[in-house]
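Asks: Since the structure of chain A is already known, use the hints to place chain B on it.
Protein chains: 2
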Amino acid sequence: MERTLIAGLTEHVGKTVSISGWVEVRRDHGKLIFLDIRDRSGVVQAVVMQKEVDAFGTAETLRPQFVVSVEGGVRERPENMQKEGEANGTIEMSLTKIEVLAAAHELPFDMDAELNLDTYLDYLPLALRTQSGRDIFAIQATATEAFRTALRELDFTEFQSPTLTGGDAEGGASAFKVDYYHDKPAFLATSPQFYKQIMVGVYERAFSTPKVFRGEKHATTRHLSEYSSLDFEMGFITDHTDVMAVLEKTIRHMVAQVVERHSDALARCEAEPPRVPSAPFPVLKLAEAQEIIEKEFGGSAVGEPDLEPEHERQICEWALREKESDFIFITHYPVSKRPFYTYEDENDPGFTKSFDLIFRGLEITTGGQRIHDYDMLVGKIKERNLNPEAFSFYLQAFKFGMPPHGGAATGLERFTARMLGLPNIKEATLFPRDMTRVDTRLAQDDGRPAQDGALDR
Amino acid sequence: MERTLIAGLTEHVGKTVSISGWVEVRRDHGKLIFLDIRDRSGVVQAVVMQKEVDAFGTAETLRPQFVVSVEGGVRERPENMQKEGEANGTIEMSLTKIEVLAAAHELPFDMDAELNLDTYLDYLPLALRTQSGRDIFAIQATATEAFRTALRELDFTEFQSPTLTGGDAEGGASAFKVDYYHDKPAFLATSPQFYKQIMVGVYERAFSTPKVFRGEKHATTRHLSEYSSLDFEMGFITDHTDVMAVLEKTIRHMVAQVVERHSDALARCEAEPPRVPSAPFPVLKLAEAQEIIEKEFGGSAVGEPDLEPEHERQICEWALREKESDFIFITHYPVSKRPFYTYEDENDPGFTKSFDLIFRGLEITTGGQRIHDYDMLVGKIKERNLNPEAFSFYLQAFKFGMPPHGGAATGLERFTARMLGLPNIKEATLFPRDMTRVDTRLAQDDGRPAQDGALDR
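Residue numbers (the working numbering), protein chains in the order written: chain A, 38 to 494; chain B, 38 to 494.
Repeated chains share a single entry, so a pair holds when one copy, or any two copies, can fit it.
No more than 27 Å apart at the CA atoms, straight line, and that leaves these computed lysine-lysine pairs for BS3-like:
#, residue 1, residue 2
1, K254, K214
2, K134, K68
3, K68, K52
4, K322, K417
5, K221, K254
6, K214, K419
7, K322, K332
Read the hints as simulated data drawn from the structure, not as lab findings.
Only chain A is shown next, with the shape it has when bound in the complex:
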């Protein structure tokens, strides 16, 4: 019999159908066994009566996460058992046939238990099947696609930014080293920055959603070794505010799509939809933000080259209260705190046409206008005691005519975490990698590294 999806069962009341899925719960009531069965579309309650001898016998062996294909009639539930407002809350299936497609070992925890983070990560292949696991990464999928859709609407072309790069160009320690061919090293990209600028020369407007990698020795709730970067770059801008306008459009579309398509999941995660002002997102220069922080929250912020995490939370508290916005732009970070290619504001020397977007207390985006003049860019590289020859490939884009341009990079996991109010970025990362873990913990009890991962096909 052809499979029916569980979400469509209400259209089959009075008929016999086949469904397939995972057993979520078995409840024994003597001559009756109740099963909750889930597939990708939803959950339904199924009843097995003792008189269905074969099915009943099989039902007695079922445990959570058994995979089954079952047949039976779809019927209205007895009136006192109906749960109005719940999907399939007024129907149930009465099973006549149960086929076990795969058995499951006993689970290490209940699927609705609150897990501590290490247990959650140790059992990720199972833990992702919980309602919250499925909710978080369905929302992430929607946000990713909304990012692309918004930019495609604005004439941006997608491109595949490379992961392997020829050098850790700034000489920092943040790029992971790869054993490449002939005993030569390559490095994992810490950002698609150079490539998206090159692509401005090709398509004017380009975006990419690559994985990027940071080898800093961070062990915080906001850092990852590997994350998804939502990057765009655009040519023929007047200044950084053109980039901010495109970013704002994109972020608004991402929020709207998540809210529209996942209101149930947001409610289950007890996450309020973000406050998005009808006016443009509030914008403050770094120095202005620091003055507000000192005035409203005390402490010392003015004159610092960046906002501390605590300051990011405070300025968001202010923005929500005063501007009814969960988002706020901070602009004009000092030249010293931004990469060499950042454009200095001729009207505000020492400060850059750069911005961060802060969302519910966490910086999720960095962006700005970039230098497009070849000679100026080479000069900035030299000022930082870097060797322009190390940048020869990248510099071609500027040698051969580059328009005024800028762009932004948003951390997908950070956006997801703030949408859902998840305190640790790892909860918003599908398979998080950090200093201590790549799937399994890196140091086993016996001190040997754990072995596991993907394989050749």
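Replies: Coordinates of chain B only, in the frame set by chain A:
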């Protein structure tokens, strides 16, 4: 004055507008200078007359790839200069003002010259701006998005597959090693295989478009160190033919979208749209294909465990002639040639429920049904003298209930190359990495490795 896009100029005949873009060509005709100016939307011819003293003086300094912002009137071309059927072929702009946004050094080659591959790759940031560079990767962007759209329509959920993995699980030499933390190694994913199977447990149907990495010492026209893999995996299948049906739908949508949206580019690349049969794609078992190859083309193929590149070309020649199809499925590769998780056909022992999709002589997709039974899978791992403990993370998905499932992986660059008839896969790869090159050539003349790449932001 606000910028007008070049593609919209025909709506502004008789008016004065501003456009911005790159100078493609300058042609001096004494008292007249002609410029072709390109932006992301198209090209237009502009005329500068000597009497426009300032503009003419600037125009005399322009060279290809200068970035300009210009103003002038839009007008019909003189009748004998009109090129019907060409975009903007009947209009031109008469410039009154030219602002140079960025100068360009003299180009190392004409933008319409045929470049040899090494020159093309050495000058990629410039070479990608050629018409064919822009065409190839615009088509690739469309194909990528069409892959996602087709699967989303079929209820697949996108996920972010990890790049860093804990081990080269099969013990082959094909995974690049990364210096991770604490002197421990990590490895670059050679495929998202394990993760997409895990995601079947979560969403039943999942897809991802990750970068994957192969460290084999190949120097061919079909291998890359880094490529984009279009992966999907689906649960509750009957056998591999369910996977083939979804793949075929996806590929048809990718072809249709490229043909619909890039007919001009295909024509410029002298690429015929692929022949797609109205009947399903032809399907042959490997053994059947080998018999046909021997019978039609001679040589020795029967009994070999795989098709040689030459055989792939021959069977496609046959499929085009006999089945009017540029695509053909080959199924039932021997167990020995497929990974341990491949499902053996109970009706054809020794052979697997696996398939390749061959497109115009090149394998672009590998897929099949996977083993879903935990004990059987552990047995297969042991049979290959691998240690099941090395797979403990992955095996959780099976321990806790996995439906019959399967999936496929398509090489985006291979698909692109065959769509456009490009002989070398590197021409269909935006920033190709191989044994000799990561942007710049790995060994410079002086023997030192080249330094260059992405940087921290």
